[in-house]
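Listed in order, the protein sequences are those of chains A and B. In this text, residue positions in the first sequence follow the working numbering: the first is 6, and each later residue adds one. In this text, residue positions in the second sequence follow the working numbering: the first is 6, and each later residue adds one.
By construction, these hints were calculated from the structure, which means they are not laboratory data. Predicted, not measured: the structure shown is a model, and the values here were computed from it. Errors might be hidden in some of the hints.
Intra- or inter-copy, both count: the list cannot distinguish identical chains.
To be verified - Heads up, simulated SDA-like pairs for lysine to any residue below, C-alpha to C-alpha not over 20 angstroms straight-line:
| hint | residue 1 | residue 2 |
| --- | --- | --- |
| 1 | 224 | 421 |
| 2 | 224 | 277 |
| 3 | 224 | 205 |
| 4 | 224 | 194 |
| 5 | 162 | 42 |
| 6 | 88 | 245 |
| 7 | 224 | 357 |
Take a look at the letters that make up each chain.
There are 2 protein chains.
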Amino acid sequence: MSSAPVVDAPPDMLTVATRARAASLVLRAAPAAQRDAALAALDALLGERAEALAAANGVDLAAARASDLPPATAARLVLDAAKLRALRGGLAALRALPDPLGAVSLARELAPGLELRRVAAPLGVVAVVFEARPEALVQIAALAIKSGNAVILKGGKEAAATNAALGAAVADALRAAGLPGDGAQAVASREDLAALLAHDALIDLVIPRGSAALVRAVKAATRIPVLGHADGLCHVYVDASADAAVAARVARDAKADYPAACNAAETLLLDAAAPPATVAAVARALLRAGVTLHADAAAAPALRAARAALAAGGGGGEAGGPLGDVVDAAPGDWDTEWLSLHMGVATVAGVGAAVAWINAHGSHHTDAAVVGDAGGAAAAAFRAGVDSAGVFINASTRFADGFRYGFGAEVGVSTGRVHARGPVGVEGLLTCRYEVVGGGHVVAQFAAPEGAETVDVAGQALRALKYTHVTHKL
Amino acid sequence: MSSAPVVDAPPDMLTVATRARAASLVLRAAPAAQRDAALAALDALLGERAEALAAANGVDLAAARASDLPPATAARLVLDAAKLRALRGGLAALRALPDPLGAVSLARELAPGLELRRVAAPLGVVAVVFEARPEALVQIAALAIKSGNAVILKGGKEAAATNAALGAAVADALRAAGLPGDGAQAVASREDLAALLAHDALIDLVIPRGSAALVRAVKAATRIPVLGHADGLCHVYVDASADAAVAARVARDAKADYPAACNAAETLLLDAAAPPATVAAVARALLRAGVTLHADAAAAPALRAARAALAAGGGGGEAGGPLGDVVDAAPGDWDTEWLSLHMGVATVAGVGAAVAWINAHGSHHTDAAVVGDAGGAAAAAFRAGVDSAGVFINASTRFADGFRYGFGAEVGVSTGRVHARGPVGVEGLLTCRYEVVGGGHVVAQFAAPEGAETVDVAGQALRALKYTHVTHKL
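So that you can see chain A by itself, here it is in the shape it has in the complex:
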């Protein structure tokens, strides 16, 4: 087995997608032990090829240094010994997890001796488009192998050499386990991606991992279902009933803990009836964290007063930083994803107006309300009314991710409503199949459903309950 990636004339994307589909049919039927053996082989290969991988990574890093790549992006390219060790540890842990395929989510006896089961099955072919971090290639490929999917991996061109070496390792690991190497194919160029996205008959799902611009571009370019989120315009609403300290703490964390994250808050909504002390506490916490507040006319005076009091008291920002400013909000601020220490502040007339505001200006990602009674009417109205994947009460929007939710390895975050919503673990790579096992059962034995179909809405449900026997529902 060669440790260097072997590249013939690159295949066209129809060929890549067709090979992936064929490989997926083998992977879906492969026993868990064989899929886990491929993960073990990949673990071993990453060890054996550590030097070659370091050399390939060195090529990408040298090119990054020679170009004007932003330092943050260049830093994400690094695949050093520590990251490789962590990757290998992850592979071992993934191997130890139970097989996601075959899990039964519903089982019923439709008639004596005729059993229905809904069983977890792989989607088939998943295309993943990611930027910069080359270890994402291994992570996603490993999740695909574990769940019986073929994967097509399009990495960033900045990591081209590293990606090629890692892609070859994944394909070799599949082959070492007796599985088709086409189960994980890496493609490189933007032109390849555009061509791939046309093959909606062969690719079941596209997962873009990267900037909002990438997600938007992928969504606009394909009919394949896309699992991703382009925007994270999250809100924190402070109700009049809120505890001032809780409101200050949640608003500060949601905005300033990691402002570049998609689950960071961008707009603060203040209940017009909120007590001045609550508004002042929230303002102080944000200003001390260095947040510049873009305030509407109703909110600005109180925010400016809070800043003046802080400054007069000689208080600076946290950790020696400067206080944030208070400026007048401009049109467009309410639809701006700042991703930095800026925040819109708007005044709304209670929870109903906050819900309407969020549904009008938000991105359906995650929105939080701070209320006095988490079980009360304001909280209930917020939870039922806000049309977002995450609806939080008295907790920071920053909890919205698969790690925090305890989902383990995260495939992506979806702000779409179909297939998956919110943070998505390995179940985002799964669908189901219905298995029916009988003893020669035929429908001619039973009453005709065709007649029933023409007449009722819910009568079917009631009759179905009479003749089915739920043996197991997960």
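Chain B: place on chain A using the hints.
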């Protein structure tokens, strides 16, 4: 309240979709009692307006008689007193069912006092495109109201007058319950449909209910997710181990019980090693049901011999009908959805070849194997290998529908892999939201996840299990 539909200048489709979105935000937050009150009001209105509905239906029926509409299509237009009574009974039954919204499918304590819940939520706006049967309008609208969705209904032009009257009744029922009438809007023309399908930012799902041509046209014309199935090219595979009587019974039912159905079988796959007696039994059952067998060269002699024996014995077809014929298969037969008493018959070298054949020629709808041991290796290989929504062992493909599965009212059947697969009940109109309720929790209290994200695949899952406490998982 007027009993006649009132039509002003028809709104453009952006207006329709925008109104539907706005109405959906009210419906999603409406309590179950209010949504059920709308169903009760609709039930009552259908009774009050029985005469006006009959008159509107009479207009459509007269137009159908004056045109060259096929009699079967014209028959489906009828909305008589019996159908209206059944519709009203269905509404009452649906009202009695539990609220599908708010059901909790996962609940975890992420940290002391910080709880995560995954809660069923409406999709938002669903467009339904259906042909002929006007009662489908009421059935789907009722499911949408029950599940807190706004719906846009595009019926067939053959039922235009009936649909307008029913659509007005649904909208009036919503208003009678204090909900926005825009929650159910009926649109009429093909041009309207084309315009609607462009509004993927406002419509969450399209459900075409009708011919394969309709489903294909809708899929080709929109970026909105489509729940539907264009094709039903189903197979029955007869393994060498099959019981001859079971094979004959299943094949006959799958093909001949209702040949026009999408879950009827189109191709019979015979294991090359199947005993002659098994092949003869299957052939006799199909020929007596009047099925013309399009046989490959390997199968044709045995099938012709079976037919000759039947004819020589003086046996005709079932119920006095003629015997089917045996003809040579033509290229293309294996990719033909006959939807009539014709069936391809191909010979394959065992279950592995059958799986490959089905994955190559099938439509991923439903495929069945007849095997001697439903728990044996051949059955397992078939179940794991066939990439279809329904994978059946020793049971007719005709069981593949929501009524047979006991799902109650069927929203549609999906051969797509994302969102929903197979027969889909009301859950096809649902998504989820994640609710997090805390006591002022902020992520700054916890270890940074950003660092973790850069290093592992499954380590996250293991650590997550350590710090989360699953309180409830459905």
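Next on the checklist: Please list, smallest to largest, the hint numbers that this structure does not respect.
Outcome noted: Hints 2, 5, 6 and 7 are the ones this structure does not satisfy, whereas the remaining hints hold.
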